[in-house]
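**Q** Listed in order, the protein sequences are those of chains G and Y.
What the first sequence shows, in the working numbering, is residues 1 to 317, in sequence order.
What the second sequence shows, in the working numbering, is residues 1 to 259, in sequence order.
A portion of the hints provided could be inaccurate.
[Said to hold, decoys possible] Each computed DSSO-like pair below joins lysine-lysine, with the alpha-carbon atoms no more than 27 angstroms apart:
| hint | chain 1 | residue 1 | chain 2 | residue 2 |
| --- | --- | --- | --- | --- |
| 1 | G | K276 | Y | K229 |
| 2 | G | K314 | Y | K257 |
| 3 | G | K276 | G | K303 |
| 4 | G | K314 | G | K303 |
| 5 | Y | K81 | Y | K229 |
| 6 | G | K17 | Y | K257 |
| 7 | Y | K81 | G | K276 |
[Stated by the list, open to error] Using C-beta positions, here's what the derived DEER-type ranges look like:
| hint | chain 1 | residue 1 | chain 2 | residue 2 | range |
| --- | --- | --- | --- | --- | --- |
| 8 | G | K303 | Y | F189 | 28 to 36 angstroms |
| 9 | G | K314 | Y | K229 | 37 to 45 angstroms |
| 10 | G | R140 | Y | I109 | 25 to 33 angstroms |
| 11 | Y | A52 | G | E156 | 47 to 55 angstroms |
Quick caveat, the hints were computed from the structure, so don't treat them as lab data.
Idealized CB from N, CA, C, for every residue including glycine.
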Amino acid sequence: MAEILILAEHDGEAVKKVTLELVTLARRFGEPAVVWTGPGAESAQSRLAEFGAAKVYVAADQVYDDYVVAPKAELLAELAGQSSPAAVFVANTAEGREVGGRLAVKTGWGILTDVVGLDDDMTAEQVIFGGAINVRSRVRSGTPIIAVRPNAISPESSAGPAAIEPVNISVSDAAKQAHITERVVQQRGARPELTEASIVVSGGRGVGSAENMALIEKLADSLGAAVGASRAVTDAGWYPHQFQVGQTGKTVSPQLYVAVGISGAIQHRAGMQTSKTIMVVNKDPEAPIFELADFGVVGDLFKVVPQLVEEIEKRTA
Amino acid sequence: MNIVVCVKQVPDTWSERTLRESDSTLDRDAADAVINELDEFAIEEGLRLAEAHGGEVTILSMGPDRATESIRKALSMGADKAVHLVDDALAGSDVLATSSALAAVLGQIGFDLVILGSESTDARTGVLPAMLSELLGVPQLSYASKVVIDGDAITINRLADYGYDTVVASLPAVVSVVEKINEPRYPSFKGIMAAKKKPVQTMSVADAGIDPATVGLANAACEVLSFAKRPPRQAGTIVTDDGDGGSKAAEFLAERKFI
Chain G
1 MAEILILAEH DGEAVKKVTL ELVTLARRFG EPAVVWTGPG AESAQSRLAE
51 FGAAKVYVAA DQVYDDYVVA PKAELLAELA GQSSPAAVFV ANTAEGREVG
101 GRLAVKTGWG ILTDVVGLDD DMTAEQVIFG GAINVRSRVR SGTPIIAVRP
151 NAISPESSAG PAAIEPVNIS VSDAAKQAHI TERVVQQRGA RPELTEASIV
201 VSGGRGVGSA ENMALIEKLA DSLGAAVGAS RAVTDAGWYP HQFQVGQTGK
251 TVSPQLYVAV GISGAIQHRA GMQTSKTIMV VNKDPEAPIF ELADFGVVGD
301 LFKVVPQLVE EIEKRTA
Chain Y
1 MNIVVCVKQV PDTWSERTLR ESDSTLDRDA ADAVINELDE FAIEEGLRLA
51 EAHGGEVTIL SMGPDRATES IRKALSMGAD KAVHLVDDAL AGSDVLATSS
101 ALAAVLGQIG FDLVILGSES TDARTGVLPA MLSELLGVPQ LSYASKVVID
151 GDAITINRLA DYGYDTVVAS LPAVVSVVEK INEPRYPSFK GIMAAKKKPV
201 QTMSVADAGI DPATVGLANA ACEVLSFAKR PPRQAGTIVT DDGDGGSKAA
251 EFLAERKFI
């Protein structure tokens, strides 16, 4: 059976959930072969095995963390040349799709981005124009490069060997042009990452101020959720830009999306419309976000949210 | 410094966007056309860098005749001149073909710095800057929330989920910008008048030395098989808060096993 090459996303120790989703998806098409760059493969091996990885190619060189994207694309191109995979899967994250894009240029293979599902013949399902249209498409030139939206696939365990295979491929000077000299971590608390989280709680214009975003954080923490924000909030500087959910921000697809004080303009809907369950709190009964709601409360968020937090804490205590 | 800003004309997010029944490509006539929002930040950054370091800003756009409107708008913001890659053979090109077409033009007109928006609001692939960098063999400085140039050295803050990376490279380079990097200016009346006289060079596929067999719908590496309007979500339960809205919401979450 042919391999499916999967570019791992990780933090140097733990593998990210999206990679387990890709491994789960890959099992339907061939032998999942994870490509791990930098340190941490040994500590993540058991987790990869739990989800059915057949093989883990490990390129442990620091160079993959020191330069932007290009070395990873070179590595994938080299491995793809050696193992002739049936497909290459990357996460549809900023970095994952960029690696896929460079690989497409190197190989002439087609790339499909933001894929939310794959048929058995590798026809891809995509959702475009802010969730308005479902598209079915396929790669017709070369080996498909598929960038899969995080949280679109449910990870399912199934034991695999996850045999580590060290690879030592020298990275060309051409791939070492954009040097990362510093990583600046600005994370807030220990919340899950926005695109990975199974629950996301987002605040909008109705929240009213930067200080009031603490209420959104409190609700998020009671649910173990990530915090998101509408563009109105990030534009006003109430919350950092990297937490923006929407067309010019992040696309999320969690099990539960809670929209608080968000009217639901197309710009925002584009980033959250494929969430499985949507709950809304907004004082304006005419707000378009209610059209998406599985459950909605028309009311003052400053009354509804504290009560909700209290109830959740009572029930989960 | 020779700065080229790539600009894409896209259907307005606020209008009804759809695909054409005949060939599943974007229906450009159905919607109002505007400059891709993130490209406005790219234009602004190009103008600021040219103002600070000297040099010229050239707008490069690939698109049908109608893209002229967006090119004029970019010129009215203050760019010096434009190149419009326009050819029926390009219609339906996918992102891979688009990147090679743009790279061909960039190779001809030359550049010290190419600036783009980090993605377009219509296709949203987000891979074009990386592809251009690969094709041109210059550093990829994407997702920039800050750009500093000092002589030949260029430093950016590359936005990441955890914060940002500081990335250093040498010019020439490809930069893609995120919103928030700046506040794009509105064209002034003077700017609008001046834009009418600024040179716009049109280029065909042949002018740019692009092999017609590598572009267009028929040569795309990917194809759309079918599309359909997404069915509306099933109507949910909406309650009005009578002092127990929070409790009812918690009940819903418990029913669905979220708590």
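**Q** The structure should be examined with respect to each hint, and the outcome stated for every one.
**A** Hint check:
Distance hint between K276/G and K229/Y is fulfilled; the C-alpha atoms sit about 18 angstroms from each other, no more than 27 angstroms. A hinted pair counts as satisfied when its Cα atoms are at most 27 angstroms apart, and K314/G with K257/Y qualifies at roughly 15 angstroms. A distance of roughly 26 angstroms separates the Cα atoms of K276/G and K303/G; the hinted pair therefore holds under the 27 angstroms criterion. Our distance criterion of 27 angstroms between C-alpha atoms is met by K314/G and K303/G, whose separation comes to about 17 angstroms.
Distance hint between K81/Y and K229/Y is unfulfilled; the C-alpha atoms sit about 40 angstroms from each other, more than 27 angstroms. For the given pair, K17/G sits about 21 angstroms from K257/Y by alpha-carbon distance, which is consistent with the 27 angstroms threshold. Straight-line distance between C-alpha atoms of K81/Y and K276/G comes to about 47 angstroms, which puts the hinted pair past the 27 angstroms bound. For the pair K303/G and F189/Y, the beta carbons lie near 49 angstroms from each other, so the given range of 28 to 36 angstroms is not met.
Between K314/G and K229/Y the beta carbon distance is about 42 angstroms. The supplied range of 37 to 45 angstroms therefore holds. Remark: the range hint 25 to 33 angstroms for R140/G to I109/Y is upheld by a beta-carbon distance near 32 angstroms. Distance hint for A52/Y and E156/G: a CB-CB separation of about 54 angstroms, consistent with the stated range 47 to 55 angstroms.
Violated hints, in rising order: 5, 7 and 8; the structure is consistent with all others.
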